[in-house]
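Fit chain B to the known structure of chain A by using the hints.
Protein chains: 2
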Amino acid sequence: MENIKIYMQQVGQQARAASRLMAQADTNAKNRALEAIAEALIAGSAVLLAANAKDVSAARASGLDAASLDRLTLSDKTILGMAEGLRQIAQLPDLIGEISDMKYRPSGIQVGRMRVPLGVIGIIYESRPNVTADAAGLCIKSGNAAILRGGSEAIHSNQAIAACVIDGLKATGLPETAVQVISTTDRDAVGELITLKEYVDVIVPRGGKSLIARISADAKVPVIKHLDGICHVYIDDEADLEKAIRIADNAKTHRYGVCNAMETLLVAQSVAAAVLPRLGKIYTDKGVELRGDDAARKLVPQMKPATEEDWHTEYLAPVLSVRVVAGLDEAMEHINTYSSQHTDAIVTENYSKAMRFLREVDSSSVMVNASTRFADGFEYGLGAEIGISTDKIHARGPVGLEGLTSQKYIVLGSGQIRK
Amino acid sequence: MENIKIYMQQVGQQARAASRLMAQADTNAKNRALEAIAEALIAGSAVLLAANAKDVSAARASGLDAASLDRLTLSDKTILGMAEGLRQIAQLPDLIGEISDMKYRPSGIQVGRMRVPLGVIGIIYESRPNVTADAAGLCIKSGNAAILRGGSEAIHSNQAIAACVIDGLKATGLPETAVQVISTTDRDAVGELITLKEYVDVIVPRGGKSLIARISADAKVPVIKHLDGICHVYIDDEADLEKAIRIADNAKTHRYGVCNAMETLLVAQSVAAAVLPRLGKIYTDKGVELRGDDAARKLVPQMKPATEEDWHTEYLAPVLSVRVVAGLDEAMEHINTYSSQHTDAIVTENYSKAMRFLREVDSSSVMVNASTRFADGFEYGLGAEIGISTDKIHARGPVGLEGLTSQKYIVLGSGQIRK
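Same order as they appear, the protein sequences are chains A and B. Going by the numbering used here, 33 is the number at position 33 of the first sequence; the sequence numbering is gapless. Going by the numbering used here, 118 is the number at position 118 of the second sequence; the sequence numbering is gapless.
Honestly, the hints are just simulated from the structure, not real lab data. All figures in this text were calculated on a predicted structure; none of them were measured in a lab. One thing to keep in mind: the hints can contain errors.
Same chains, same label: a pair holds when it works inside one copy or across any pair of copies.
What the hints assert, rightly or not - Below, simulated DSS-like cross-link-like pairs (lysine-lysine); rule was C-alpha separation at most 27 Å, straight line:
no. : residue 1 : residue 2
1   : Lys-408   : Lys-209
2   : Lys-220   : Lys-408
3   : Lys-243   : Lys-419
4   : Lys-419   : Lys-77
5   : Lys-286   : Lys-419
6   : Lys-243   : Lys-103
7   : Lys-281   : Lys-304
8   : Lys-408   : Lys-243
9   : Lys-220   : Lys-286
10  : Lys-220   : Lys-298
Isolated chain A, as found in the complex (with noise of 0.2 Å):
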């Protein structure tokens, strides 16, 4: 324990020297950087799964889930996605620097704010190898340094992966402390970490639910995250029913395990006997459980009773829960009762109920007529995404590079004083 302590402060003193100069450091020298990792992690090919079998081998001698063996498992071409990723942030426009509303005040100097990294970003992930390399590049181009913290089923990968990170920060001159892969497999480690005010300025858990609340509880550092994603869809009495079911379908079934999924389907009253028989036979086709309330389950018979817990419930599987509600006002009240605040959308015609749900539903992203599968970095046109937030301090809804950043006023003057 003492020694991890004596460790952990020395991996976050030399981060925040780094910081300063990853702050510094120009466009093409990151860009570089972030290229020469991404040879390096193909050129290592070979010693990257080595490294990796070792770890694939003791996981499946412990007795490691299938799920999480193939999240473990590295491959060539799981090996080129990460360098693509890597090229793909390469790519993406550089933040840090920029200078936004330089306006002229009554007193003659200009003030305006200059974008700039947060500096030391902790990342703490679970046996999947692949976010070692994202994680890094998305923490190099923004101009911060890393500290990574993958799950201890992949330590042999992650060392791997972390030497051609160094390799690359090396080739092009960056500090090759910029990003430090955690050593240690010892779960002190994390709590260590989460409590390095003095070297760390923010967290960002990827995980399981158990993973972030555990983290965000006991952290002394702030915290990007989200917990659950219990979504919802409204399907109001003014909706296309086409639209309406081709969201509500899409919404669930386009991926069962994902944040941004479907949980609870709202229907209104007076169009739920036209949409619930055919939504059903839609979901029960595909082998999707459905519980609701007693109003739907007279529409589609096969559907069991919801329970209170139910609408609490992040199912992340094929289930679905529903409910038949009055119209918009029951709809939101429903939403800003049981939602996790990560995304949440209405399908309707009419403008004013669309405008008062963007207004009034607080959750992180809001959509009109529009699957919440969209909820994502990509689709948003972030280029990029470490995480989604659905707390509103600091970053909400997708985070990309912008939310690794932060901004500081400059003031130009020609020798003004305050008068």
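For chain B alone, coordinates are given in the frame of chain A:
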């Protein structure tokens, strides 16, 4: 203690409920409430002054110092000032509901952002009753609910101001729990407030360093704050020396007890002999005690030796530390080591050095050829200021109405689904 817990939970719940209504309040309702509160303060002057007199006499009896007594004391003039402040907030543009950056994406959806309130703001401050009106006004205008905890010496004054705020909210149909002034002087109430994660979105402490340090050490809710204002002016070897002397004089002597006053003056070696004796005379004539390094002391005989401690100190008093540096690099090294990241300025006519200083000095306000005293929400054109942040998360530099808001994503579709 148990009672305080229950009381604060109730305050928190009421604030959360009120925040939902405030988020939807339209601009006119919010502005009318601000006007109505201003009127209620003026109409209630006699009651306010009587309540304040109780506080003042109790504080005098308990030996409160003269400066604090002065800040505690209300007069007809300060009441008019509070009312005027609220009317100025009413004049500011309403940021809530502003939609920006709506862009079509290849999928056909249109994505952008809408500005929304943070929700519930907790403000903790010392015994300055005018802050009660000011903070209430800023939170109302930004569509937030507020929980205000003023210093215990001002309890009667604050309750009287709270009554006026409630009158104004009621008169305009806004929820009267949109602004709640804590009615107990028990210190445990602060401990509860800063850990009410479920009901409070951000804490803004206003006051002395020890108050803020205590709050930010114990808070579970995000805190917008600055601890210190150790501000620097660097006079470069290519400075216009007349501007340099004017700025160095103003930054130190315009006001001493403020966070944006200069505490350390850095002077390039090659111009030290030209400016330091002149500045030394100005400061000494104004009663400023000077503490410097050896090189500075050779030029200004009345200067005392500075210790390492001096570079770390926010004097908030007529004391200035002075150091002669080789040039820009050494100046920035000093600043990035000792600055509290509040406000730092360079005086130079050299373009490249000005640009480097702007980019490389990691402070919340960075200035060229202007007095650090300009670091202020009003001088920057924010129209109001709830505080200054030296952190990088969420808000940096002077924090106005925008710092009390966030942005959610909105998506306008016409039936799009994810492919």
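Honestly, which of those hints from before does the structure not fit?
Numbers 9, 10, in rising order.
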